[in-house]
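Undergrad: Here the protein sequences line up with chains A and B, keeping their order.
Residues 1 to 485 in this note's numbering are what the first sequence lists, from first letter to last.
Residues 1001 to 1472 in this note's numbering are what the second sequence lists, from first letter to last.
The hints are simulated quantities; they were obtained by calculation from the structure and are not laboratory data.
Every residue gets a Cβ at the ideal spot worked out from N, C-alpha and C, and that includes glycine.
One or more hints might be untrue.
DSSO-like mimics (lysine-lysine), calculated; alpha carbons at most 30 Å apart, straight line [stated by the list, open to error]:
1. K1054/B <-> K239/A
2. K229/A <-> K1209/B
3. K1209/B <-> K1096/B
4. K1262/B <-> K374/A
5. K374/A <-> K1096/B
6. K1080/B <-> K1248/B
7. K1137/B <-> K341/A
8. K1137/B <-> K332/A
Now the stretches of chain A that chain B is said to cover, found in silico as 3 or more residues with beta-carbon under 8 Å [as the list claims (entries may be wrong)]:
9. 125-135
10. 227-235
Covered stretches of chain B (chain A as the covering partner; in silico rule of three or more C-beta atoms under 8 Å from a C-beta of chain A) [as the list claims (entries may be wrong)]:
11. 1050-1060
12. 1088-1095
13. 1143-1150
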Amino acid sequence: MTNYLDLSLIEINNKLKNREIKPIDLVMECFSKIENNEDLNCFITLNKEEAIKKALELENKEVDNILFAIPIAIKDNIITKGLKTTCGSNMLNNFIPTYDAYVINKINNCNMIVIGKTNMDEFAMGSSNQTSYFGCVLNAWNKSKVSGGSSGGSAVSVSSRIVPFALGSDTGGSIRQPSAFNGIVGLKPTYGRVSRYGLVSFASSLDQIGPMSRNVLENSMLLNCIVGKDNNDLTSCEKDSEDFSRLIGEDIKGIKIAIPNFYVNDNINEDIKSNFNNVVNILKNKGVNVDYVDIDYIEYSVPLYQIIALAEASSNLARFDGIRYGYCTDKKINNADELYKYNRGEGFGEEVKRRIMIGSYVLSGDNVQEYYYKALSIRKIISDGFSNLFKNYDYIIGPTTTTLPYNIGEGQNDAVKSFFDDLLTIPVNMAGLPAMSLPIGINNNLPIGMQIICNKFEEAKIYKLASFIEKELNLNLDPRGDLNE
Amino acid sequence: MNKLLPTIGIEVHCELKTKNKVFSNSLNVYGEIANTNINEIDLGYPGTLPTLNKDVIDVGIKTALLLNCKVNKSMYFDRKNYFYPDNPKNYQITQKSTPIGYDGFVEIDLGDKLKKIYIEEMHIEEDTCKSIHENGKTLLDFNRAGVPLIEIVTKPVIDNDNEAVLYVEKLREILLYGGISDVKIEEGSLRCDVNISLRREDCNVLGTKVEIKNIGSISAIKEAILFEIERQEKLINNSVVIVAETRKFDESIRETVSMRLKETNNDYRYFPEPDIPRLLIEDSYIEEIKKTLPILPSELRIKYKELGINDITINALISNMELNKYLLDLISMGTNAIIGANIITGDLLAYLNKNGISIKDTNITIDNLKCLVDKLESNEISSKIGKIILSNMFESSDSVDLIMEKNDLKLISDENELLNIIKPMINDEIKIEYSKNNEKTIKYLIGEIMKVTKGKANPVVVNDLLSKELSK
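Given only the sequences and the hints, what does the whole structure look like? Please build it.
TA: What follows is the structure in C-alpha cells.
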C-alpha cells in the first residue's frame, strides 16, 4: 500500500503537479485504509464508485489549487446529492438527497474528492458517538475509548490518517470535543461564516459547519475553501474574501490572553489542566500577557443549551414524519396521528426522542416565557460578556474538554452526562464566536486538546496563535506511532 | 328579558399575487399540474432553509398602508408548530409577535352613516399544501405550499351579518384594486373565518366565542352568521352553556356544524424563527411604497362623480377593474370621460359579456379607443357610425381611420355634395312647416338626409346648410 496521504498537503500537491502521482492513487489509498480500519466504524456510506470516477476525470485537469484531488470525508448530516445522507439515524436510513449542500458545491469547485459519509451521533445529539443508529465509532488511539461526538466519524477518519480532511458540524462542541479526543485540529467558525444550507438543522441558531484536519495550516486551507456568503442562508454573512493562513508565523509577543476561571475549575481533569498550564507557561515565557477573568452566567451555559438547542431541535426535527421521505413503519396505519406515532416512534432513537420531548416541553404554553425567553436573555448577557472581554484581550483560551476520552459504554445511562462533556465548548456557540480545538499533549496514549477563542470573524488570528503553539509543542499526533521506528 | 346582541370578528386569509413563493423561488401560480411548482424548500427537505421574497414584504407594507395600519418597523417571523400532513415542515412560518401591520381600519358605508371596522393586525405567513381526499386516500399537492398569505384580523366590532358582508366586500375591493390579490374565493385565494359570540344587552362582557372556519362565499358568510346567531340564541334561551368550539359551514345543509372543541386545540409552541434574521424597515422605504399606492374605489367614485359620470355607470366601472383601467387611461390622455365611460360600460361591455371574453382577448387598443371617443366628441362621426366602428375594432387591429375607409364610413362633409341632396327637398311647403316649427322640421329633414346617405352625412354641416337654405 502507498502512503502518499501521510505526506503534508503541500508535498501531495507538488507530487500531483509533477505527475508523480495521480488522483486515483490517493483515492485507492483511502479506500484500502478504510478497509484496514473497518473496526473503527468511521463511515456510514462510502462513495467509492463516484470517487474513482471523479479521480479519473481529474487526471486530465490542471492542478489549479492546493486542495485539488484531495480526499475528504463528510459528516453524514451534510446533504450530498445522490449519496445517502442518514444523520446517523434509522429515520433517514433510506434517504438519498436531490441536491448538494452549499459546502459540497464549494469543495467540488476546488475539485476535492468526497470519499464517504462519516458516522455521527444521531442527528448530532450526543458527545460520544454512542447514539448513532450505525453503532459507535472507536477512538483510533485506544479502541476501548469513545471517539467523542457528535462528529466522531469525521474526527477518527482524520486521526487514523484515512483522510487528511473531514467536515464536521458544531452545535455545542461537536467539532471541537471529538477533535480534542482524537488529537486533531478542529475549528468551529464564527456563526454565519459558513453557509448552513444543506446542513440538516439541529439547533439553527447554534449550528455551524467547520474543517477538521491533521494540523493548523491545512485546517486554514480548508476553511479558505468553504466560507462565503450564501443567498440561500439568510444567517450567512457577507465578508471580504481572505486567506486564513495569512497571519501564521507572525510574532505573538505582547498579545493579550484571557483565561476564564470557569475554564480551570475543579471539575476539569488534572492531567488536562497540567497540559494546559504547560502551554500557558510557554506563552508567558514568550512575552504573552495572561489574565484570569470571570464571565457572568457562563456556568449556566449547559442548562441554557438544553433549553435553546432542544427547543429549536424539537421544531427542526418535526419534518421527519415519513410522508415525503425517510422511515415508514410496516404497521397498518389508520389515521394521521398513528402515522406520526409509529414513523417517529420507530424511526428516532432514544436520545433524539428524549431531546424532542424536552424541547417541546420548554416551548409549551407558559413555559416558553419561563424557560425559552429567559434563556435567550441570559444567552445575550453571556454573549455581551465575551464581547466586553474582547475589548481588552486578543484571545480567550482554556481546555476543550473536562475529561479524557472515556470507556465505551460509560455514561450511556446518564442523560445529563453528554451535556457536561460540552461544558467548555457550549459557551462559544451561545456567543456565536469562532473557536478551535488544538492538540496540546498525549497522556497515557490519549490526546488532550485546548481551545483558542477569538472575537467574531477573527479566525485568522486563531490560526496564528494555534500555529505558534503547534510548533512549540511539536507533538507526534499519529496514533499509529512513529512509522519510521 | 333583554335582547341578545351578537359580536363578530373576521379573519381573512388572502393569497398574494407575487411572482414567487414567500420562502423559496418556486413560482406562485394557480391551476398548474399538481406538484410541478415545487422545490426542496417547499417540500421541507432536510437541510433546506427559507429565503425571504422581498416582494412579499413590499406587498405586505402596501396592504398595511391601504388598510390604514401602522407598519412594524422591526419585525421577525415565528414558527407555529403543529403536525398535519399538509404542513411540510410540521411548522408554519408566520408572524405572531411582530405582525407587519397593526391598528388599522376599513370604512364601510351603512347607508345612513359610515362605520370603521378596526383591524387588530395583519401578518405574513406561508400557505400549506393542498390535500385532496380520494377513495379513502389523501393526495398532497405542494404547488400551494409556501404561497404567500396575508391574514387580516379585525377587532370584535362587527354587529351583524350585513356589516360582515359589507366589510368583506369592501376588503375584497381594496385588495383587488391595490393589486394585492386576485381575491377569488372559489379558487381559495381569499378565505374567511368568522368568530361570533352573543351577550345580553346590559352585559359588557363578551360571550363565549365560536369560530366558523373557511367559509366559501360572501353569501355563505351571511347565511352562516344568521344561522349561528339563531343557534346560539336558542341555546342561551334554553339555558344551555355555549362551548368554545370551531365549526364549519356545511354548504349542502346550509348549517354550521362542529369540527372540534377549543380545549383540544393545539398548543402551537410559537417561538422566533431562527433561520430568518430580524427585519428593519426604514421610514424612507415606507414612503417609497406610499408613492406606488393606487387610487382606491372610494376615491374613484368621488372623481367620477365630479366628471359627471352617472351612478349606474360608476358602479359598472368599479365592478370591472380591467375596464376601469381603460377609462382611467383615457382620462389621463385627456379624453372625454363621459363618452368614454358610456362606450366602455355600454357596447364594449355588452360585447365582452356576450362572448365571455376579456378586453385583452380583443384587438382593442387604448389609442384606438381614444380616437373613437375623440371623433364622437367632435361630431366627426355619429353615434350610429361609432357603434359600427367599435364592432370592427374588436376583430381588427386597423386604425379607426382605416376602418372607416375600408367600410366606407367616412362622413360626407362636402357642402356641394350635401347641397345636391338637400336642395331637391326644399320647397314652399317645407318652408311653411319650418316657419311653424323650426326644430321639428330640421329634425325631419336630417332624418331624411341620413336615410339617403346611410347615416354618413355630417350632422353639423347638414344643420348649417339646412338653416341657410330654409331661411332663403
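Undergrad: Are the hints correct? Go through all of them and say.
TA: Hint-by-hint comparison with the structure:
1. K1054/B <-> K239/A: holds (22 Å)
2. K229/A <-> K1209/B: violated (49 Å)
3. K1209/B <-> K1096/B: holds (21 Å)
4. K1262/B <-> K374/A: Holds: K1262/B and K374/A sit about 29 Å apart, inside 30 Å.
5. K374/A <-> K1096/B: holds (18 Å)
6. K1080/B <-> K1248/B: holds (22 Å)
7. K1137/B <-> K341/A: holds (19 Å)
8. K1137/B <-> K332/A: Roughly 14 Å separates the two Cα atoms, so the pair holds.
9. 125-135: It is violated: at least three residues are needed, and the stretch 125-135 of chain A offers just 0 whose Cβ sits closer than 8 Å to chain B.
10. 227-235: holds (count 5)
11. 1050-1060: Per the Cβ count (3), the hint holds.
12. 1088-1095: holds (count 4)
13. 1143-1150: With 0 residues close enough to chain A, the hint is violated.
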